[in-house]
Every structure is written in C-alpha cells, then in structure tokens.
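> Residue-level listing of the chains:
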Amino acid sequence: MSVWQWLFRSEDRKSDLDAEIEAHLALAAADRRERGMGRDRAHAEAQREFGNVALVKDVTREAWGWVWLERLLQDAKYALRQIRRSPGFAAAVIGTLALGIAATAAMFTVVDGVLLSHLPYKHADRLVQIGEGQTVEGGDYLYVPYLDIEAWREQLHSFEAIAFDGGGFDGRNFLQGNGTAVQIGFTRISANLFSTLGVSPQLGPGLPNKPEGFAKTSDAQEVVLSDSAWRTVFGGDRNIVGKTVHINDEPYTVVGVMPRGFFFPDRSDDPQVWGPIVMGDKDQGHTGDSPGYGVIGRLKPGVTRASALAELKTVQAHVAMGYVDPEWRKHALQVNLRKYSGEQVRTDQRHALLALTAASSLLWLIACVNATNLLLARGSARQREIAMRGALGASRRRLMQQLTIEGLVLSISATVLGIGLAVGAISIFHRALKQVLPSPVPSWPSVTVLVALSGLTILSAVLSSAWPSWMAARLPIEPVLRQGGQQSGVSRAQHRLRGGLVIAEIAMSLALLASCGLLLRTIYALHHVPLGFRTDHIIVANLEIPTYRFAKTNATATIYQPLLERVQHLPGVDAAGLMTDVPLGHTFSMRLMLSQKSTKADQKSNAVVAEFKAASPSLQRVFGFPMFKGRYFNAQDTSSADPVVVVNRAFAHAFMPDEQDAGKIIGKDILQLSKDGPQKNKQARVIGVLGDFQQSAVGTPSRPEIQVSLPQITSDSGFYTVLEGIAMDLAVRTQRPPSEVIPELRAALKQASPELAGSNFTTMDQIVEDSYGSQMLAARLLEIFAGSALLLCVAGLYGLLAYVVSQRTREMGVRFALGAARGDVMGLVMRQAGVLVVAGVSLGLVLAFLSGKLVRNFLYGVSPHDGWTLATVAIVLMLAGALAAYLPALRAARVDPVEALRTE
Amino acid sequence: MAKEVYQNRIELLQGTLDLLILETLRWGAQHGYGISHAIRARSGEVLQVETGSLYPALHRLERQKWIASQWRLTEQNQRAKFYELTTAGKEQLVRDRSKWEAMVQAIAGVLGPVPEPEA
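Sequence lines, in order, name chains A and B. So the first sequence is residues 1 to 904, counted in UniProt numbering. So the second sequence is residues 1 to 119, counted in UniProt numbering.
Hints were generated in silico from the structure; no laboratory data involved. The beta carbon of each residue, even a glycine, is placed where N, CA and C say it ideally should be. Take the hints with a grain of salt, since some may be wrong.
[To be verified] BS3-like cross-link-like pairs, simulated, lysine-lysine; straight-line CA separation at most 30 Å: (1) A:Lys14 to B:Lys65; (2) B:Lys65 to A:Lys668; (3) A:Lys282 to A:Lys57; (4) A:Lys750 to B:Lys81; (5) A:Lys14 to B:Lys90; (6) A:Lys313 to A:Lys339; (7) A:Lys552 to A:Lys330; (8) B:Lys90 to A:Lys57; (9) A:Lys300 to A:Lys313; (10) B:Lys81 to A:Lys14; (11) A:Lys313 to A:Lys330.
[What the hints assert, rightly or not] Taking CB as the label site, the calculated pair distances span: (12) B:Gln70 to A:Met37: 25 to 35 Å; (13) A:Leu80 to B:Arg40: 45 to 55 Å; (14) B:Gln70 to A:Glu70: 47 to 57 Å; (15) A:Arg84 to B:Arg42: 50 to 60 Å.
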C-alpha cells in the first residue's frame, strides 16, 4: 500500500468511525424512545451513557496503531513549514552538509571499490602469494620455477594447496566466434588453481584436477571461459561445454564457464579465458632459463602468515641448493610471502587514496561543524518560541521530537542531495580515475558507505538541532518570556562552544589548504623537470596488434617497414618512428635480467634488470633523444649487419658499478639477440649511450634501459614476439594539427594490416600529462576539497559574527549613545573575529605541520613543511576571515542608536 | 480524563471483554450498541461495557481478522455497522473459552469451597 492510499484510507476510516458512533447514539436514543421517553431526553440520556465521544474516538483510533505515525507526519509538515519560512537557513545547512557528504561518499566509493572490496574467492584471507627474489618497489609478482613449486607442495605443511599461473607472455589473444574476434585475456593456470581459490565453474567440470597429477594431467587444448567471454562471444550458450572454439586460429575445447563476478588474475570484467599450463623440458631445470610462475597458496586454517613464512624459509634453504648458478641461488633464497590481494594498486596510489580520503573526511567534519554552528545559532534564536510553546502546554518530549524531526528533514534532504552530487562527481572523474587506477571504479556508492555516512551525518544534525531545544526546554519558561527573544542571554558556555567550533573549522581548512598548496607546487615542479626528449608536435598511435597473425610472418619486414615508409611520406610529416612502448607510455613493459660474471678476482657476480625495447632508427628524429656518447641506430643497422644495442646511462652504471665513465660501455658485447638465422650466435654490441630521460614517471630516477634496432629483430629471434608482436607505438612528428593527420595515419595503418585500424591515437603532450597521474588527480581533488573548506569556513565565521552582532544590537546602541565612534564599534567586531581567526590559523599551522607527513610521499621538489606555502595559506585564510567579518562589522557600525534602544 | 465509576457493577477482568464480544457475536451479526446491550442483558445488568473499551476492542479484533464488519440496516431501518465472527474468530473463541474455563477451575481450586458463614 502506498503512503497516499494509506492516507486516504485513514481518512475514510475516520469518517467511518464517526458514522459508527453516530449510529450507536441513534440506536440508543431510539431504544429509549421506544420505552416511552421524550425525544430530547432520550437523546441526552444516550449521550450521557455513551460518555466522552472525542475520547472514545481517540482511544479507538489508537487501536489502529497508527497514531504515532500521524503525529510524525504532523511534525514533518511542521518542519517543512519551518524550512519554507527561512529558506536561506535551510539552504545553508543542506548545502553545507550535502557538500561534505558528496566529497566523502565519492572518495569512499573509490576507496571501497579499489582498496577494500573483497575477493570473490572462498576464505580469501587464507590466500597468500609466494615469490622468489628481492621484492621491488610496488611489490611486483616474483616468479618461481616449477621445480621449486613442486618441492614446496611436497614439503610444506602450512598449506592446504599451492597453485600457480602464467609465467611467459603469450602476447595479445583473440577469441574467435560468430565471425568476430574479441581480444581476451588468456591466462595459463595450474589445474588446481580454481579449487585452491575455492571457486567452481558454473557450467562444466572445469580443468581436470587430480591431486597426484598436480598440474600435468590436463589437455593443453582445454579452456575455461569467463562469464563475460561466454556471454559476449557465445551469447550465453548453455550447451557450450564440449564445443570447439578458436583462439588465435587454434582449436580449443570448452570444459567450463566460471561464475559471474569471478576474476583472475586482474580485477576486471573483460573477457577472459583460462587454459592449463603446458610443462616443457625447461621446467625440469633450476636455471635462469626455467620459466617462472606466479604462486598462490592456501594456508591451512589457523596457520599464520609468519609461521608459514618461517617454514617456507627452512624448506627453501634446501631447495635453493638445486641452483648451480650462485647468482640464481642467492635470488632463490630471498623467498617471500604476503597476503594475496589480487590487486595491482601501487603503494603510492594506495597512499594517495588514503590521504585523499582523510582530506575528504576532514571536509565532511568541517561541514558537520558548520551545520552544527548554524543549528545552534538558530536554536538559541528560537529559545523564546520554544518557551512560549512550552507555556501553552506542549510537552517537552513533543517539543524535542518536533525539533529533532526538523533536524532529520534537513539532514535527510542534505544526504539525498549529497549522494546525487557524489554520483555526479564520480562520473565526472571517471576518466581521470581510469587513467590512474588499475581496477574499475564503481559508479554507484556502496550501501555500506552510504549507510555509514548518512547515519553519521543525520546523527550529527539531529544532535545539534535537538540539543538547543533540550537546553531551552529545561529553562524556566517565565524569565525567557519576560526577557524578550532578541536580547535573551545565551549562556556563555554556548558562546564559547560556537567560537571553538569556528576555530576548529578554520584550523582544519588551513590543513587542507596547505596540502593543496604543496601539491600544486609539486605539479609545478614536475612540469619543469627536463624530460630528456621532445614532446611537442608528436602524435602517438598505440597499435592493436593481432599477435597470432604476426607470429606467422616477419612483421618487421612485411608490416612495420612498409608502414614507416608510407607514413614518412605523408604530407607534413617530418619524421616517424616505431618503438615497443614510447617513454611514459605505460602500455607495455618488458624487463630483461642480465647476469654477468665479474672480471674481478672476488668472483662477485652482478645482475642488472633493464627495460627492454625495440626502436626504429628514425625514432631519434621524432623524440630527439640526446646522446651521451656514441651514436643511435641508423639505416645501416639492418638484419644483415652486426647486431647492436643502445643503452642509457643508468644501465651503464648498473652494468659497470665500478666504472665512473659511462661511455666505457661502448663496444662491449652484452646479449645475444638470436639463436637462428643470419645473426646466429652473434653478440649484440653497445654502440651508444643515451643521456638519461624520464621513462615511466616524471620525477623518478632513470632505470636501466636497453634498446635494440627494430630491423634487426626478425621472427628468428627469441625476442621477436615480446618486442614486436604484442605492443608497438607509432610516433609521428608533424606540424599539422592532429585532427587532420590522424585520419590519414589510420588509413595507412589499415593498409598495413586491417586489425591496426582500431588503434588508439593520442599526443605525446597528453601522455606526459597523464603520467602525472596520481599527483594530478590528488591536486585537482584537493583543490575542490580545500576550496569548499575555505567557503564553509568563511560562511561559518560570517554566520557566527552576523548572529553575534544581531544579538548585541542593543549593546551597540548603548555604546553609540555613550559616545563611541563608528570605528570603535567596527573595531570591536573585527577584533572578535581577529581572535577567532588567529587562534584558528595558529592551530591550523600545527595541524598542517603534522599532516605534512601524510602528503610527503606525493611531493616532488617541495618540502612537506614548506614555509612559503604555509605562509601563503595562512594569509589567504586571514584575508578570507577579514572579508567574512567585514559585513557584520559594517552592520554593527550602522546601528541606529535610537532604533536599537527602542527595540525593547 | 478519569473513567466513570459505575456502581453496583463489576469491572470487567482484563482480557475478558474480547471473549464476551466473540461469544455475543456467535449468536449472529450485531452492531456496537447491540453488543453492549446484549452483554448487559445476559449478565443480568451486572456487566456494563464502556464504549471507551468496546470500540477499541471491536477495532482491534477486526484488525486481528477475528471479526469482520459491514454496514447494514437494522430492523428499525437504521444504518449501523454490524460485526460478525470470521472462521478465525470462531477458532479463537474456542481457544479463549477453554482458557477461561481452565482459569475458572484453577481459581476455584485455589479458593476452595465457600466457607460457611459464621453463625
């Protein structure tokens, strides 16, 4: 039943009861007349016998059990009337609270979606990730060879099960069906992975998992589909199990479909396919050549991670003996274990999110304080009204209920508005968030977040609206009425409380403003970091490469070279180059570990992990990389010439730790590009050293990098697929506007290979902008938070002073009458404001100093306790405070003494 | 407002009013005035049901679906709201009755035989 129906029915029932009682009286009167009583007498007797009609109606209605609701509606109506009567006040309270809720709800939604949401696995808290080697920044997955996993599985007692996945790259994969090919994630897993995660397929048996076989029993051509792959490619065909599907032109048999919401390894809803890992001969060795896998273990119930790690270390001491190479043995001994989080949120992002959440909570707090202040002011202004109503017989409970409901109506409207704003804000920032965060952000706040936030907000509003009424209700009615509302004294304690609230507000706003200032300085500093290459007038296309088709041809000769030729001859194109991934591109990363024996007597060996990329010789003309020593690739570095590489200074230093001059690395042979073909068994020689440039993030130190010449990587090379078959960026230097050139480039790509037509275009400047990522987003959000906080702060101070002035109108009048000058009175108000602002600012500086710790991680080129920033922010706040105080002060100065004294 | 005090009449025991109403309706549909009249008559003018108790009770019983109401004409052509027992109401009456009888027996047991008035 809807509310309206219910209301109508309740009206019906009321008249029904009236009629029923009338009938009763009529029957009783008729009875009496029958016994010979006079008409009037009979009527009166019947009335007398019946008793108090109104009371009977009342108690009968109570039997319906709805009276309390009726009263509630009455109070709500009253509250709405109050809001209509003072729309400015209502708008201030609702706006303030909505702002606070919106910011916090939006932030919590992001945090909830990215950091807190639980994994769709059974008892996910018992899942751990095990890795070998030194954990690097960001906590990369550390891969483990099969023999070690097998040993762990046999010897460790802390684990219920150990499973593993992936290892080597397969490149991009395409699932073919219904005439289309959809790009999918194709993850190779051990047959027991799903059971280790505790999730069974919704359809089909899944990969056969026999405990004794561990990982070896499955057929390599069997696959399990994700729910989204099943729905998008096969339209949710329930008979899919047992059918043959094609991935990269190869046939596979579907043996299962995972349930909706399941993901592995990435938290994404993109189509995904899982197939069994195929073990090779290399899996039977303990060398740098053995493929590595990501390992996931399920701890037995009650086993802690610390004790599991202790056991693992003991066992690993024996396992590592299997490594002949001392460097690899050392690597293997550094075994580590951590909670399986299934997320790729980097530590810096986690910190950014948490810091922003703290900032938004601060804003929420400021908003609540502000609303409390407004409600308190109003409560004291209404003291007289409340006292009057008490005098007219309203019970205290009823009065409080009424005021509480007023608070409820205000805060609920604010909550609804705030949630609307939050949803809007999330959709506005969706693009920016997608750039920065690895996992999708929900577009709707979660129920928990909403309930918690609105609960707290409503509670604070209700408390602050009920408290003055409680205070007022306790006051003896008579003196309040006699004193007259305007001038009635508000207790000193309340005054002090409200002053304190304003000080707190100012202090918190200053902390927010300071953080915002520091981040803006950081962004400024980042913009002025020399990148080490040119970014202007460059269009970048991130090619969508059909790996499986390119693997069969030599794409270098048949696709990439002709493509470059064609693009270079487009009108207005100065230069065009290809590179596996442009600097700061973040689309693909390949790292190579080079291990070399030291020539020195101590036999200390030295391993270097380096970024590994292929680049066309023409790339130099696009980006203008400065050479530190030697030369970049040129047109002579073809597949028939001697293999060459270019490294950066960071590589040279890592490769030769004892050598001061990075140029000495030129001429050294560092790796073998190919085991077959024309370059068989030839070592690639370093021909040039690049000056350091920004590779993955602006402001972070350069990492070692090796570049090989694109024409020298042919399909014979082991590196062919990784360097050319998965990712390739086309960079074009042109003076013409991108909007003109991009269609022409797209046409050229389509001509080279039809699949490339869908490639993504952007500009190098945009890539650089995007690479500021978390700092930029944090700065933008903080600008909003701090700006709102400043606004609230000004509003709060203004509200308090305006109220104080209106309370003291009479006193001002007396002062004028006694000869005070306008300036004196103005000074009085300004002084009062000054005390509050100075106290707030000093407290805020302390707060900002402490919160410097929170933001330190995101700062670049500025100290967390930067004096200039703090001083600027303090001055901004003082100016804002002066502005907020000026209007009330002016009003005080314009008080007409005659008017003021006559108000009584 | 204080309840009126009826002299020479017994205050109804808590909870017995429902039983009396249900029992009265067992004899056929009746309106509020008729019910109070019947209870008073059948108790030999001893039990007087106040309207302030009767109507809340009727509405409560109707909400519990033990009785149903309908507007009808009386024999004197007067429109009145008639209540009648529902099936659930009949079952409830049986339950209330046996509970009441058990109660009477129990109280009688406690009180024992009426003592002889002292001579």
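> Would the hint linking A:Lys300 and A:Lys313 be met if the CA-CA limit is 30 Å?
Holds: A:Lys300 and A:Lys313 sit about 17 Å apart, inside 30 Å.
> That 47 to 57 Å hint for B:Gln70 and A:Glu70 (C-beta), does it hold up?
violated (26 Å)
> With the threshold set at 30 Å, check whether the alpha-carbon distance from A:Lys282 to A:Lys57 stays at or below it.
violated (92 Å)
> Using the beta carbons of B:Gln70 and A:Met37, state whether their distance is inside 25 to 35 Å or not.
For A:Met37 against B:Gln70, whose Cβ atoms are near 30 Å apart, the range 25 to 35 Å holds.
> Check whether the Cα positions of B:Lys90 and A:Lys57 lie no farther apart than 30 Å.
Since the Cα atoms of B:Lys90 and A:Lys57 sit roughly 27 Å apart, the hinted pair holds (cutoff 30 Å).
> Under the criterion that the straight-line Cα-Cα distance not exceed 30 Å, is the pair A:Lys750, B:Lys81 satisfied?
Violated: A:Lys750 and B:Lys81 sit about 86 Å apart, past 30 Å.
> Range first: 50 to 60 Å. Now tell me if the beta carbons of A:Arg84 and B:Arg42 are that far apart.
Given about 58 Å between the Cβ atoms, the range holds.
> Within a Cα-Cα threshold of 30 Å, do A:Lys14 and B:Lys90 meet the stated pairing?
holds (28 Å)
> Please verify whether A:Lys552 and A:Lys330 have alpha carbons no more than 30 Å apart.
Given pair A:Lys552, A:Lys330 is violated - Cα atoms ~39 Å apart, limit 30 Å.
> Would the hint linking B:Lys81 and A:Lys14 be met if the CA-CA limit is 30 Å?
Distance ~14 Å between B:Lys81 and A:Lys14 Cα, so the pair holds.
> Given the hinted pair A:Lys313 and A:Lys330, is their Cα-Cα distance within 30 Å?
The given pair, whose Cα atoms are some 13 Å apart, holds under the 30 Å limit.
> Would you mind confirming whether the straight-line C-alpha gap from A:Lys14 to B:Lys65 stays at or under 30 Å?
holds (19 Å)
In summary, the numbered hints that this structure violates are 2, 3, 4, 7, 14.
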